[in-house]
Amino acid sequence: MGREETITLSLPSSLAYLDAVQGMAELLACTAGFDEEARLDVGLAVREGAINAIKHGNRLDPAKSVCIEFRLTAGVLKIAIRDEGAGFEPQLTPDPTTPENLWRSSGRGLLLIRSLVNEVHFRRHDPGMELILIKSRPADGQRDEEAS
Amino acid sequence: MGREETITLSLPSSLAYLDAVQGMAELLACTAGFDEEARLDVGLAVREGAINAIKHGNRLDPAKSVCIEFRLTAGVLKIAIRDEGAGFEPQLTPDPTTPENLWRSSGRGLLLIRSLVNEVHFRRHDPGMELILIKSRPADGQRDEEAS
Amino acid sequence: MSHQVDYRDGIAVTRLTGRITVGNALDDVREVVEEEIAAGRLRVVFDLGGVNFVDSAGLGELVACHRSLDKLGGRLVLAAPRGKVRDLLELTRIGELLSVCATVDEALQRIVED
Amino acid sequence: MSHQVDYRDGIAVTRLTGRITVGNALDDVREVVEEEIAAGRLRVVFDLGGVNFVDSAGLGELVACHRSLDKLGGRLVLAAPRGKVRDLLELTRIGELLSVCATVDEALQRIVED
Ligand SMILES: Nc1ncnc2c1ncn2[C@@H]1O[C@H](COP(=O)(O)OP(=O)(O)O)[C@@H](O)[C@H]1O
Ligand SMILES: Nc1ncnc2c1ncn2[C@@H]1O[C@H](COP(=O)(O)OP(=O)(O)O)[C@@H](O)[C@H]1O
Numbered sequence: 001m002g003r004e005e006t007i008t009l010s011l012p013s014s015l016a017y018l019d020a021v022q023g024m025a026e027l028l029a030c031t032a033g034f035d036e037e038a039r040l041d042v043g044l045a046v047r048e049g050a051i052n053a054i055k056h057g058n059r060l061d062p063a064k065s066v067c068i069e070f071r072l073t074a075g076v077l078k079i080a081i082r083d084e085g086a087g088f089e090p091q092l093t094p095d096p097t098t099p100e101n102l103w104r105s106s107g108r109g110l111l112l113i114r115s116l117v118n119e120v121h122f123r124r125h126d127p128g129m130e131l132i133l134i135k136s137r138p139a140d141g142q143r144d145e146e147a148s
Numbered sequence: 001m002g003r004e005e006t007i008t009l010s011l012p013s014s015l016a017y018l019d020a021v022q023g024m025a026e027l028l029a030c031t032a033g034f035d036e037e038a039r040l041d042v043g044l045a046v047r048e049g050a051i052n053a054i055k056h057g058n059r060l061d062p063a064k065s066v067c068i069e070f071r072l073t074a075g076v077l078k079i080a081i082r083d084e085g086a087g088f089e090p091q092l093t094p095d096p097t098t099p100e101n102l103w104r105s106s107g108r109g110l111l112l113i114r115s116l117v118n119e120v121h122f123r124r125h126d127p128g129m130e131l132i133l134i135k136s137r138p139a140d141g142q143r144d145e146e147a148s
Numbered sequence: 001m002s003h004q005v006d007y008r009d010g011i012a013v014t015r016l017t018g019r020i021t022v023g024n025a026l027d028d029v030r031e032v033v034e035e036e037i038a039a040g041r042l043r044v045v046f047d048l049g050g051v052n053f054v055d056s057a058g059l060g061e062l063v064a065c066h067r068s069l070d071k072l073g074g075r076l077v078l079a080a081p082r083g084k085v086r087d088l089l090e091l092t093r094i095g096e097l098l099s100v101c102a103t104v105d106e107a108l109q110r111i112v113e114d
Numbered sequence: 001m002s003h004q005v006d007y008r009d010g011i012a013v014t015r016l017t018g019r020i021t022v023g024n025a026l027d028d029v030r031e032v033v034e035e036e037i038a039a040g041r042l043r044v045v046f047d048l049g050g051v052n053f054v055d056s057a058g059l060g061e062l063v064a065c066h067r068s069l070d071k072l073g074g075r076l077v078l079a080a081p082r083g084k085v086r087d088l089l090e091l092t093r094i095g096e097l098l099s100v101c102a103t104v105d106e107a108l109q110r111i112v113e114d
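Chains as they are written, first to last, in the numbering used here: chain W, 1 to 148; chain Z, 1 to 148; chain V, 1 to 114; chain B, 1 to 114.
Derived from the structure by calculation, the hints contain no laboratory data.
Treat the hints with care, since some could be wrong.
The list that follows gives simulated cross-link-like pairs (lysine-lysine, BS3-like), each with its CA atoms no further than 27 angstroms apart [unchecked claim]:
no.	chain 1	residue 1	chain 2	residue 2
1	V	Lys84	W	Lys78
2	Z	Lys64	Z	Lys78
3	B	Lys84	Z	Lys55
4	W	Lys55	V	Lys84
5	W	Lys78	W	Lys55
6	W	Lys64	Z	Lys78
7	W	Lys78	Z	Lys64
8	Z	Lys55	Z	Lys78
9	W	Lys64	W	Lys78
10	Z	Lys78	B	Lys84
Nothing here was measured: the structure is a model prediction, and the numbers come from that model.
When you get a sec, could you build the whole thing from the sequences and use the hints?
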């Protein structure tokens, strides 16, 4: 896998496909040579990104779709998750770990995502929000502890 | 799942993604409510279809892609596998079960596919071959024995 | 997800098994606590030893269960989380809101002491 | 896929485990037979008891192995295929080309008898 190869997945805005999306992410992380732990991390991060795209972005509108692009190069997996929603400002989302917010039953998705991959980028489109996740294999890139 | 919902997967022509493709097909068959055996059948059928599209259709040209469309409706999973190759005439492929052909190390993919799903259709495009697989849940549609 | 309730010293110890993720699993978890509340039992232990996966919605549901019990003067204690589940409880600091114990016995002791 | 060779009465019984599918697994299977041929042992039993999955390329490789041995006057016998693997050997009629036995013992008996 010298060149970059792109696998694209497009799905309707239904939470029914989450397990399939997560599984696909894990399988591609496996193809990219990631170890078991990194695979599960990628799977959960993509799951959380897809939940947000389906729920907050497309508001469960089945006519709107979510597009997930997996780009594989040696040692790095780049995943872009894009919805057709109004977008949001990530820095304005509340910190779920403050004493008041700890009692809330939601608001932890982005925290999980940030902890599971090496880099997270946000890009606003018109319309649509794009979340870009970058996961490197520890052996090839920086070590996990340094990155997070 | 009253309406038809379509999940689309597009990938470069590399056999490296076969396990991921097969896994995705199994996961979507699971989402569609198919039992364990039907799930594995769908996974293997899609795997074989993808191998053909990658190898015979796109001749492993990484610039060409394979597109797999999964359409889910209650009790039925329709899968279209499309390549960018020159296409072929399915009825002209040799029967792999004749005494002479039994000795050949290839030529069994279509036989497997036909035995694993309820219906197989072929459509020639310009360019590209499209293979359409239809798998019904025994409870909802005809029974497996009747269909094959 | 599946669950099984055992009573030990009048405290409901519910062993959760499988995945606690967005969807039906969350309703199941919720029902366990609602039944306990309906029966007037406000101290609940969730044995997470058989849970291999949670997502943010699953974590949120655990917090919601704790909130329901807390409002009525009750309490939820989590026991025996493994691997990633334990990591995520720490990452999200949910472990500072409700008690997380290494074993069910410890959880029972903790809930009785308070 | 992994494999392990045991010799019984001078016959190589190779236990294959995992998936025999397009890719490295096929090279592994091929090498087993090539090594036997290089060592002058032309009767081979593949114990498929641990194989949970084959695709058309895997089935083709089994035929290719049989062909290589047959050309030299040798023989491949398959033993203990399970579930879908057994079904596919039947569907493709590969079971009429090379012998398929329910157990390794039967396979050894069959290969000695011929
Ligand atoms: N794709 C998206 N489109 C619009 N808003 C989003 C999107 N993703 C996240 N958000 C916003 O960010 C907030 C925090 O998201 P998250 O941390 O995943 O927690 P939760 O989804 O549980 O609320 C969400 O409540 C939502 O307002
Ligand atoms: N997508 C495709 N494009 C072009 N030719 C194809 C395609 N799929 C199958 N074929 C042709 O049909 C033949 C039989 O296919 P198959 O039964 O799958 O066996 P195998 O792939 O092992 O040859 C192939 O050898 C090839 O010539």
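Broken hints, by number: Going through the list in order, the structure violates no hint and respects every one.
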